[in-house]
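A.B. asks: For reference, the chains in residue letters:
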Amino acid sequence: MKSVISLNDICKPSDNVVAREVSGEFIIIPIASGVGDLEDEIFSLNETGKSIWTKLSSGKKMKDVALALSKEFDAPLDKIEKDCLGLMQELLKRKMVVVKSKS
Amino acid sequence: MLKARAESSRFVQAGGAIALDGEACVDVIRSALAKNADLRLLVRGFSMTPFIQDGDIITLSSLPASGIGIGRAVAFSRPSDKRLVIHRLVGILRKPAVKYITKGDNVYRQDIPVSRSDMLAFVLRVERGGRILSFGTGPERRVIAFLSKWNILWALTYAGGRMIPRAIRQKMKQWLFF
Numbered sequence: 001m002k003s004v005i006s007l008n009d010i011c012k013p014s015d016n017v018v019a020r021e022v023s024g025e026f027i028i029i030p031i032a033s034g035v036g037d038l039e040d041e042i043f044s045l046n047e048t049g050k051s052i053w054t055k056l057s058s059g060k061k062m063k064d065v066a067l068a069l070s071k072e073f074d075a076p077l078d079k080i081e082k083d084c085l086g087l088m089q090e091l092l093k094r095k096m097v098v099v100k101s102k103s
Numbered sequence: 104m105l106k107a108r109a110e111s112s113r114f115v116q117a118g119g120a121i122a123l124d125g126e127a128c129v130d131v132i133r134s135a136l137a138k139n140a141d142l143r144l145l146v147r148g149f150s151m152t153p154f155i156q157d158g159d160i161i162t163l164s165s166l167p168a169s170g171i172g173i174g175r176a177v178a179f180s181r182p183s184d185k186r187l188v189i190h191r192l193v194g195i196l197r198k199p200a201v202k203y204i205t206k207g208d209n210v211y212r213q214d215i216p217v218s219r220s221d222m223l224a225f226v227l228r229v230e231r232g233g234r235i236l237s238f239g240t241g242p243e244r245r246v247i248a249f250l251s252k253w254n255i256l257w258a259l260t261y262a263g264g265r266m267i268p269r270a271i272r273q274k275m276k277q278w279l280f281f
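Chains as they are written, first to last, in the working numbering: chain D, 1 to 103; chain A, 104 to 281.
Treat the hints with care, as some may be off.
What the hints assert, rightly or not - The calculated DSBU-like cross-link candidates involving lysine-lysine, where the alpha carbons are at most 35 Å apart (straight line), are:
{"#": "1", "chain 1": "D", "residue 1": "K63", "chain 2": "A", "residue 2": "K138"}
{"#": "2", "chain 1": "A", "residue 1": "K185", "chain 2": "D", "residue 2": "K95"}
{"#": "3", "chain 1": "D", "residue 1": "K50", "chain 2": "D", "residue 2": "K82"}
{"#": "4", "chain 1": "D", "residue 1": "K12", "chain 2": "D", "residue 2": "K95"}
{"#": "5", "chain 1": "A", "residue 1": "K138", "chain 2": "D", "residue 2": "K50"}
{"#": "6", "chain 1": "A", "residue 1": "K138", "chain 2": "D", "residue 2": "K60"}
{"#": "7", "chain 1": "D", "residue 1": "K12", "chain 2": "D", "residue 2": "K71"}
{"#": "8", "chain 1": "D", "residue 1": "K61", "chain 2": "A", "residue 2": "K138"}
{"#": "9", "chain 1": "D", "residue 1": "K95", "chain 2": "A", "residue 2": "K138"}
{"#": "10", "chain 1": "D", "residue 1": "K79", "chain 2": "D", "residue 2": "K50"}
{"#": "11", "chain 1": "A", "residue 1": "K252", "chain 2": "A", "residue 2": "K198"}
Please keep in mind that the hints were generated in silico from the structure rather than gathered at the bench. A quick note: this is a predicted structure, and the numbers were derived from the prediction, not measured.
Using the sequences and the hints, build the whole thing.
C.D. replies: Listed below in structure tokens is the structure:
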């Protein structure tokens, strides 16, 4: 399994998670071994994480996701790219995203 | 309130408590079950005492296609407010349409019958204090359903329970649940 993500990768939410916005918080529940654990394994994304996550299903490369977010928030591209890769690395470690392809 | 205990990091928060109730809770459960997953969650409330108690952790599983057996503890979305309720199935109405009669073991009255579309899951497992409880989820559940339906269980819990000395009640609990 891929362990390092680059800007040319396409990341998508794993099929084995349930992600929902609840009371203003964006939560992710991983389903491990066929069990979603609302007691011990429930995660919430901060605002940055939530913005990145919502762009994942578009099927774009990470560099395009970062570019879109950079325009949307009028923030420096290099910082956004760093945030995107940082989050994807974390989510990949927790098996919440899958890397679909690399060009 | 649901607590996350995993390690937190820069983007992913895994601490504190997340309120997940009402329709949001039902929505999350439906989504997880749609992925053929079971779901572990913390129980809050006393309506199913003594078989499911406040603070127990239950595992919900998809309802079998063959039908829901009377006596099972089931999770459903209460039609009046769409909140998650976990009570025991004590009967099934066949006409004019199929409706499920549920009741909390520790509640005097039955719930308003619910349709199949409101039924979410059944309780596969109950954990208390790190141990898995089997009493109440096996074949004996049909007897429990009968006792619950006719309020015999409720009477035993309230009226009978007060006449039995506390020490004996504690012994009975230990014998039945641990």
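A.B. asks: Determine for every hint whether it applies to the structure shown.
C.D. replies: So, going through the hints one by one against the coordinates:
Simply put, D:K63 and A:K138 have alpha-carbon atoms about 30 Å apart, close enough for the 35 Å limit, and the pair holds. For the hint pairing A:K185 with D:K95, the CA-to-CA distance comes to about 32 Å; that is within 35 Å, so the pair holds. For the suggested pair D:K50 and D:K82, the alpha carbons sit about 15 Å apart, so the restraint of at most 35 Å is met. A C-alpha spacing of about 11 Å is found between D:K12 and D:K95, which places the hinted pair at or below 35 Å, so the restraint holds.
Using a Cα cut-off of 35 Å, the hinted pair A:K138 and D:K50 holds, with the two alpha carbons roughly 22 Å apart. In summary, the hint linking A:K138 to D:K60 is supported, as the alpha carbons are separated by about 25 Å, within the 35 Å threshold. At most 35 Å may separate the alpha-carbon atoms for a hinted pair to count; D:K12 and D:K71 meet this at roughly 21 Å. Distance hint between D:K61 and A:K138 is fulfilled; the C-alpha atoms sit about 26 Å from each other, no more than 35 Å.
Using a Cα cut-off of 35 Å, the hinted pair D:K95 and A:K138 holds, with the two alpha carbons roughly 16 Å apart. Distance check on the hinted pair: D:K79 and D:K50 sit about 16 Å apart at the alpha-carbon level, within 35 Å; holds. Only pairs whose Cα atoms come within 35 Å are accepted, and A:K252 paired with A:K198 is accepted, the gap being roughly 19 Å.
Violated hints are absent here; each numbered hint is respected by the structure.
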